[in-house]
Amino acid sequence: MNLRTLTRRSLRYHFRSQLGVLAGVTLAAAVLIGALAVGDSVKGSLRERALERLAGARFALSTPDRFHPADLADRLAAPRSSTLLALAGMAARQDGTARANRVTVLGVDPARFGDGRLASLKEDEVWLNSSLAQQLQATVGDFVILRLNKPSALSRDAVITPRDDLSVALRLRLAGVLADRQGGGLSLLANQAPSLNAFVSRSLLGKAVGLEGLANLILVPPDGERPGGGLELLRDQLAQVSDLADFELNLRTNSQSTELTTRRIFLESAVVRAALALAPSTAARRQSEATPILTYLVNSLTHGDQLTPYSLVTAAGAPYTPADLADDEIVVNQWLAADLGVKPGDSVALTYYRVDAGTQLQEFTNRFRVHSIVPLAGLHADRTLMPEFPGLSKAESTRDWDAGFDLVHPIRDQDEAYWKQHRGTPKAFITLAAGQKLWANRFGELTAIRWFGGNPSSPRPAPGVAGESTSPLSVPELRDTITARIRAHLDPADVGLVWRPVREEALRAAESGTGQEFGGLMLGFSFFLITAALLLTAMLFSFALEQRATEIGILLALGWPPRRVHNLLLREGLALAVLGSVLGSVLGICYAQGVLWGLTTIWRDAIAGAGLEFHLTLTTLGTGLALSIAVAAGTMFLALRQQARRPARELLNEGANESALSVPEGNRGRPRLAALGASVLASGLVVGAGLTPEINPQMFFGAGAALLLAGLLWVRVWLRPAVVPAVRRRASQPSYLGLALRALARRPSRSLGTVALLASAAFLIVAVAANKLDATRHAEQRGSGTGGFALWGESTLPVIQDLNTAKGQEFYGLNPDDLKGVSFVQFRVRDGDDASCLNLNRAQRPRLLGVKPEQLADRGAFTFTRFAAGVAVTNGWQALNQPGSDDGAIPAIGDAASIQWALKSSVGGTLDSVDERGRPFKIRLVGAVANSILQGNLLIAERDFVRLFPSESGYRGFLIEVAAQGAGQPASPPNPAAHVVGAEAVSATLSRALQDVGLELTPTVRRLDQFNAVQNTYLNTFQLLGGLGLLLGSAGLGVVVLRNVHERRGELGLMLALGFERGALKRLVLLEHGALLLLGLLVGGVAALVAVLPALGSPGAEFPWRSLTLTLGLVLANGLVWTLWATTRSLRGRLVDSLRDL
Amino acid sequence: MSAPLLEFRDVHKSYPGPEPVPVLKGASLALARGESVAIVGPSGSGKSTILNLLGTLDLPDRGTITFDGRDLTQLTAQELAALRNRQIGFIFQSHHLLPQCSVLENILLPTLADANHSAPTAEPRARQLLDRVGLSHRLGHLPGKLSGGERQRVAVVRALINRPALLLADEPTGALDRASALNLGQLLVELNREEGVTLVVVTHSGELAQRMARTVELRDGKLEG
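Protein chains in written order, with this note's numbering: chain A, 17 to 1158; chain B, -15 to 209.
Careful, some of the hints might be misleading.
Distance condition first, Cα-Cα at most 20 Å in a straight line; then the derived SDA-like pairs of lysine to any residue [to be verified]: (1) K453/A to V288/A; (2) K359/A to S388/A; (3) K129/B to Y29/A; (4) K436/A to P325/A; (5) K129/B to H30/A.
Pair ranges (Cβ atoms, derived) [unchecked claim]: (6) R177/B to T21/A: 32 to 38 Å; (7) V1137/A to Y(-1)/B: 39 to 45 Å; (8) N18/A to G18/B: 31 to 37 Å; (9) N18/A to Q170/B: 30 to 36 Å.
Derived coverage of chain A by chain B (criterion: at least 3 residues anywhere in the stretch with Cβ under 8 Å from a Cβ of chain B; other residues may be distant) [to be verified]: (10) 27 to 40; (11) 570 to 584.
Everything labelled a hint here was simulated from the structure, so no lab data went into it. Beta carbons are placed, not taken as given, at the ideal position from N, Cα and C, and that holds for glycine.
The task is simple: from the sequences and hints, build the whole structure.
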């Protein structure tokens, strides 16, 4: 006989009475371990998805707006790398029955992509990834139409760029479907939504869009030999092997000079700096050797009433202009001088469009004085001075021009003749400084740099550009020298050639996003369920101990030290905790599977449709198991402590009876004082909240919580026998009610505990329910989450035009009459990670929207929740226009939820990002808007946007306002009816007209609903699990009944002996415990209603009276059923026998 | 005369409450080693209180209780528990056997009280005592299989397992039929003699009290006789 044997014997003997304890522990463990397993599953699935979408890549060189020769990867000696040409596009079935926007068309080397599945891909074929195939409902053999964005050499926002050659279509046969895990889901964005990918041959794609032999994405798999240093190595290799073509630069030599140009037309400042960089010792001398040139198309050159239309003008120094040419002087060629009839000293007006004004065509005029007239010969007859403006350079005739704007000045015969004979030969020359003042722009500041040398016909001695010798260089030497100079001084990163550790980024996004908190979130949701299960465990364990009071008393009387008795019982408890937790872990796995099923079906909205598979690590299982055992054992330890405090004689004398006969008196004044204090606090907070002009949810919640506390304290006061009214008034005339209340007062802490549990659970359930959001409420109001806009639009290809103008509308074949009362806020879009609650990954580089702040400010759109310190509250959207801070951070505004959850930041915080050239910059969050359709994005001022992302042309994001029919005043609040009905017609019209740019319109209410669905689903989950906890809590009430009645069996037996009927006793017990149940629900419910008063009145809030009444009703019914069961069970048998114990 | 095993001196004890109810009002008693004493008195006179004080389950409000020369009021809870375990044996009106344990295990229960104290001789002694009380054939049985008299005899053996100096019996025959009660009374007297244990019996039964060497009456909170 030893302690272990005794423990085993006790467990076996009391097994039936301990079954409830075991069940409680099992349930708590199952919920706890299940919640952790759900967390593991979400984490594991996100990690798997993150790695899947990289198609095995560890590093990527992604330059969406720039194109480098496809052999760059070969030069980098990255043997297993893939080189791709990735372009935005749309896909549709040939029969037009299904289409998909925002598709990425990936040109691949079939034999070198992924695991070789695409090796058989032919030029007239396409493979789709499973998501796209599913959306198109396409099967192998079907024909698919791909419409692609045709990248322009010059941004579409430049004035001189074709407007109607944006896309190209390909008709291809579907040859196969590539699963996500086979590389089909390729995407560098940490987004939840599945990517839509079409795989075609790179050579076919290059040919189709005029980018033959070029690529913009290199994927490099992990290098087993150099696992740690891959990134540095790739950077070094890139710096070593990159050539001018990789920087989109071109070095060409003609009879007079060697010229550096770019297919992007304008040379970027980093390139210019590198090309002009010189060794310090010879800097001054060599600075003069390179000739920077800026040539631009002017709309007109006028003198008096003479006008020469559409001419090229070059801004440059010597040898094109004389050294004494002032910035306000101009050199004209003989042709122009004759055409305008000017002579030196005359004034010439030069009119031009601002280079990067896009379709807005802002025209400016500057006056110059004619300095001299040069013959149309030699240097001044150089047609190559004109950059290869798309739409102009290849034109045989002026009639073939596609300048990107309407030619308002008539082209005369002499103009046509000049073009035919001299093409883009500049007709006038100004200083470089003057030219840059007029035409330097966000794309660059020069169109060419020329070096005169390496040729005997050079007008100047050939300089020793890089060598220390001053002897003339040969052409090849000169070219080599210039190339070497640029390579030496231009960091590939300066032009956006930046390696990204995509695997690391993806894992970081997956491992730091909201998905990681899912386990914790589920634990939080299951909190009440776990608490209720543990409370039940504690109650049952205490109950079991009470039933063994005599046994404990004997041990104490036999000289067992209390600690040893305690240890013996704790061993039993521990054994139950271990057994229950092990059983619970099995059940927990099933529970997790069930929750996962729920999350992928009925609660799909909570995780935005992410695919989830079951994952459970041994660490999590071990942690869960240990935690369950600890929590269960801790609970039993506490229950035991209460029991073990009782002295042996009390236990031996069936102490329960003895103690039940003594009612704790305590200090009567203190609870009353505390209750009064809490009541005053609650009232004060309610009044204070009511008097505050702005609704203060925190204050109301505080008032509700204080009211809950006050309610419970009053219950505590009321449960004292001297206070219970029925007892006081009718002390001499006992009634059922009086007896019931007196019985409640016998164990005031037990009664109060029951009321507190029910009240707290009811409080939380009601409070949570009130926070549900309804997107349709007040959706037409400016301050709502829709901003008063009816439609949200996203296009695959940029819309260059301003859709608010008749011209913009006509460009897309829209009838302005159909769009009366419709206005647009257009956004520039820099694609990035979706920073919304629909993405369980952490947004590393959030999607940026460039907006004209005044367009939203004028409308007073959306409601701001917070501004950063230093931002005037009245500023609203104008905060985006505030000058940047000292650190150069760009001000940004986002949705409060996005900032808090997806970006894990706060208003006033800063985020790191990179511009299109890979240069880091900071974003400062200056404000947040509440619960809006802007979730997922950060908004910055358009002026900042174009500076950071000059190549992002046009607008791809739209907020569309549909005002009351016929109102035609966008600034007026829209009519709610028109908001819905008118929006449908507008949506249909716009979708049809802008089909070619892949415009996808979503009613703002639906978009907001999708976001709300996440919160609402979380709340539903919480409510459901909380409700289960409450149900379990009410089952605990049954245990309380059992304990109470068990303790009073003698008393009840006596009543029976005195002639009470058994039914009367049952009613008595039901009455007293039903009162506890009602009291709990009442106190919690009323306090919660006060707490959620602001939510009840706020836009978008929906109070679910019906479901809530049902839940609380169910809890009440369940509690009554348990009470009835426990009462019936307790009153079974010969109660009179218990009189012997009295 | 040798020093008493246990001595009550002017012991006072009241039940707590708004108006404390005095039970013992200066009770005094000395118990010699090997003596057998019956404490009698009307219901509510404080007999059980006396027994609780004798058994160190309770402490007096006033006065001293010495056991083997040690003042019980000065001992810690652990020391009292150890004293109870080694020196005192209890027999209750109800047998209070653990239903989950066999007869032998119930008897050995006191030996488990002290984790550091091993009692290799306990089991042979238990068997010997069981043999003595005529229950050696029942040692593997659970209490539920025994008669009331048998259970009470097991309780007696359990009380003696640690060779206590003092055996306290609270209405030991109260729950037994007459025959069993007579047998148990006889057994207690014999064991008192055989084991040399001081026996204190609190009882209503005059028959049992007469078997004791001395009878003390509790009256008005004082011990007389």
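Do the hints match the structure? See the list:
This hinted pair checks out: K453/A and V288/A have alpha carbons roughly 16 Å apart, not beyond 20 Å. For the suggested pair K359/A and S388/A, the alpha carbons sit about 7 Å apart, so the restraint of at most 20 Å is met. A distance of roughly 15 Å separates the Cα atoms of K129/B and Y29/A; the hinted pair therefore holds under the 20 Å criterion. Proposed proximity of K436/A and P325/A is supported: the alpha carbons are some 15 Å apart, at most 20 Å.
Simply put, K129/B and H30/A have alpha-carbon atoms about 17 Å apart, close enough for the 20 Å limit, and the pair holds. Checked against the hint of 32 to 38 Å, the C-beta distance between R177/B and T21/A comes to roughly 34 Å, which is consistent with it. At roughly 42 Å, the beta carbons of V1137/A and Y(-1)/B sit within the given window of 39 to 45 Å. Distance hint check: the CB atoms of N18/A and G18/B are about 33 Å apart, consistent with the given range 31 to 37 Å.
For the pair N18/A and Q170/B, the supplied restraint of 30 to 36 Å holds, since their beta-carbon distance comes to about 34 Å. Coverage of the segment 27 to 40 of chain A by chain B holds [criterion: at least 3 residues with CB-CB distance below 8 Å; count 3]. Only residues whose beta carbon comes within less than 8 Å of a beta carbon in chain B count, and the segment 570 to 584 of chain A has 10; three or more means the coverage holds.
In the structure shown, no violation is registered for any of the earlier numbered hints.
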